[in-house]
Amino acid sequence: MSTTATRATTRQGAAGRSGNRAKRHYGTHIFLTVLAIMWLVPLGWSVFTALRPVASTNEHGYFSLAGAFNFDNFIQAWTQGGFSTYFLNSVIITVPAVLLTLFFASLMAFAVSRVSWKFNITLLIMFTAGNLLPPQVLAAPLFEMAKHFEVPYSFSDSGNMLNTYIVVIAVNTAVQMGFCTFVLSNYMKALSADLTEAALVDGAGIWRQYREIIMPLCRPAFAALGTLQVIFIYNDYFWPLLFIQSGNRLPITTAINNLQGQFLNNYNLLAAGAVITVIPTLVIYLVLQRHFVAGLTLGSSKG
Amino acid sequence: MSTTARELIPPESREPSGAPARKTKSGRVRRLSTRDKVVLSLMVGIPTLIELMLVWLPMLMSVGLSFTRWNGLDLGNIRPAGVDNYQYITQDYPPFWPAVQHNLLWLCFLALVATPLGLLLAVLLDQNIRGSKIYQSIFFAPVMLSLALIGIIWQLFYQRDNGLLNFLLGTAGTPQAVDWFGDSSVNIWAAMIAATWRHAGYVMLLYLAGLKGVDPSLKEAASIDGANAYQTFFRVVFPAMRPINIVIVVITIIESLRAFDVVYVINRGTNGLEMLSALVIQNLVGEGQVIGVGSALAVVLLVISLVPIVFYLSRTFGKESKE
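Which chain is which? The protein sequence lines are H and V, in order. For the first sequence, position 53 (counting from the first letter as 1) is numbered 53 according to our numbering, and the numbering increases by one without interruption. For the second sequence, position 282 (counting from the first letter as 1) is numbered 282 according to our numbering, and the numbering increases by one without interruption.
No lab work stands behind these hints, which were simulated from the structure alone. Some hints here could point you the wrong way.
Unchecked claim - With a Cα cut of at most 27 Å, we get these calculated BS3-like pairs of lysine-lysine:
#, chain 1, residue 1, chain 2, residue 2
1, H, K189, H, K118
2, V, K37, H, K189
3, H, K118, V, K219
4, V, K212, H, K189
Sequences and hints are given; from them, build the entire structure.
What follows is the structure, encoded as structure tokens:
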């Protein structure tokens, strides 16, 4: 009864303010549209510049619609600018790093969330804290560790771990593992304890509980985290910058900075490089938006 | 296979078995076989070892190296230096205090401009207006980009002679044209606007999730009590989003300490864009390779970042450990 009364009052209130509210929405739309256009301008300008050949910008200037529009800059960046190599390097680093991160994080999350023992919280705090640190805090020792970790020249042409993909993959894994462990352990805690209890009664070992019961149930969390981690590691600029010295081994995100010097004053090519770098993330965003957003909010839902 | 089927039945529907399971909870660890114990210790041990070796050990080494003098070449050359490095960075190292100021400015800008803008966008988009999804996608798009790439994209926009901004201001090609990333009196502001482009979208997304979690009856109750939209938001809805607010505060602080990629892409963090994180790297990879000085800067960064980290962790795990 009280609900009907409530509804009546709100409807009345809404009716009384309806004119007002319509006006406010009108203003909101103007505000949002202006802001949205401002938001798109930097990216739009890059795409616009990238689509115009250098010849036509030289002739008509950068602020002109005149001249040809084509994909020449993209083709040149891809073939001569080395973007095919950089992109491959990104794949070589991102794929193993994401898989290892999710694998180790799931092991750890399973252990701390499904089996109760003394140091659960301590370990979880240790992992989460490691993830929140600015990476530059770890830079000097990690760089020196890699430099003084000697390996045969057949394994690495620098004679140590610098300039190898392995060190970039390992450090990315270690740094990202904390966040994934935190999210996955929260997810696993929300699964009923009876699931593994029942399996225990049936004589299933820890590994079978992990592999056959918990892992399949965590698929949504893996989809979200996997998408998020692909973006994070693909977008990582710092670790390759620190560890990799030969330009042709850099992943795309770090390599684009070198283009600034390499193609001095050829902003069209630089813009094309920037747009090429955006494309994979944009594709992931459009295809897996739901998972990406879920991943970002998963981490913060529990605070 | 019949076992898996049974286990997947929702627990509520098999209440009788729930009671004995609860009784044995305390004895759970003891029921593990030797094999299980080995598996478990590997499950915990390998990730923990990685985390210790590649995160915690380097962090402690940063602290240790900050009290030494070393050129990074021979391990035997590490000499104890006491607090010399700290004395040097605070007294004789010109970029140090500008860097601290810039880090603080960056934090204030994110906290007072970027984060409230994100909150405003979330509130506006949370009311069911037409095209909400399109607006969300637009504002969220920069979050997908790396900060390094954002530096490049804004460089194209900000350039002195061929940048769009100078063209729109009508100054392109004239002596009044501003090199937004090169001029040391404005470049920090230009860089912070570029960072806002990304940060606001991130905050918007988190608050949109937070706003959906607020019980609608709270808002209804407030409007029955005669609260207007502003009062409802600031007195009822905003306080109800406390968990998200804490996350946002921590993210804002940590992002401001991490403002490395943007400034390093622009000019390696020099000439008006000094940042603590960039100074660490300059001392590490520069000609001198003064590891001790770089580590001392890293420790300053570490100590500052421990404040939000400890705050966040005690909020998050404090409740659990009491349980």
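Evaluated hints:
no., hint, result
1, K189/H to K118/H, "holds, 16 Å"
2, K37/V to K189/H, "holds, 20 Å"
3, K118/H to K219/V, "violated, 43 Å"
4, K212/V to K189/H, "holds, 23 Å"
In summary, the one numbered hint that this structure violates is 3.
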